Amino acid sequence: MAEARILLDRLICLVCLDPLTDPVTTDCGHNFCMTCINEYWDQEDQRGVYSCPECTVKFTPRPNLRKNILLTEVSDSVKKTVQGASPAHRYAGLRRKVKEEQMKFEGRIQEKQEKVQELRQAVDTVKLSAQTAVEDNERLLTEMISSMEKMHSEVTELIRAQEKDELSRAERLLEQLEQEITDLQRRVTELEQLSQTDDHLHFLQSFQSLHFSSGCDYSCKITVNQDLSFDGVRKSLCDLKKRIEEVCQEEFTKIPEHAAAVQIILPSEPKSREDFMQY
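According to mature numbering (1 follows the signal peptide of the UniProt record, and there is no 0), the stretch in the sequence shown is residues -23 to -1, 1 to 256, in order.
In short, the hints are calculated from the structure, not lab data.
Treat the hints with caution; some may be incorrect.
Claimed, not checked - Once the Cα atoms are required to be at most 27 Å apart in a straight line, the calculated DSS-like pairs of lysine-lysine come out as:
id	residue 1	residue 2
1	LYS127	LYS219
2	LYS127	LYS218
3	LYS74	LYS127
4	LYS35	LYS74
Nothing here was measured: the structure is a model prediction, and the numbers come from that model.
Please model the entire structure based on the sequences and the hints provided.
And the structure:
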């Protein structure tokens, strides 16, 4: 009798947890009542994917199950043997089965809690990495701006220094030219006055006292550059600006790719109770 009860406890439908009635066996090896497994799969007709209630193995298309004759005979025989047993003995196996299911769910809960911890750590890692990237972005761009401002100051100083040197030289030349013009105008006046005198002796004495420079004076050697501008500097700055923009654009296009590569890989969302229990 005891052996029959133990055997009956093993001949339990994994859906209704009662002794098997019209038992069928799936391809994965688990046993169910014909009615129980069909009602279970009727709920999965909409998806078109059918799973084992015990191990969640998927079947496509829906399996065409047939009654397990041998298992039916064994189950019926054992039922007859233990028909006189008390309810406590009859359902002791069911309580063990419930305990096994409870332990199985507790194991899944522990696995999911570990996944939760891993996911939280991944979230913290992403937050820390993103904050570090933002701070690096601010620091690097600030350094770039500072470098550009320093370059701007240096180029401005260079242009102003060159401007100062050229203006100083031009002012000295202007003073010299104006002095030469004044001297020449004075001589023109003296010659004009001399040409109007009637005193021949005075004319000869004055004429000999006048000093006339032989050859070309210093101002004749001065040449003025007609192309007085900083166009070369301006062109160099424009070329530099273009190159900086090209490099920045080339590197900037890589940033979204690197940012998109930071991903927390998650499984697809569960769509049914069975998928959720697997998830």
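Going back to the hint list, which numbers does this structure go against? 3
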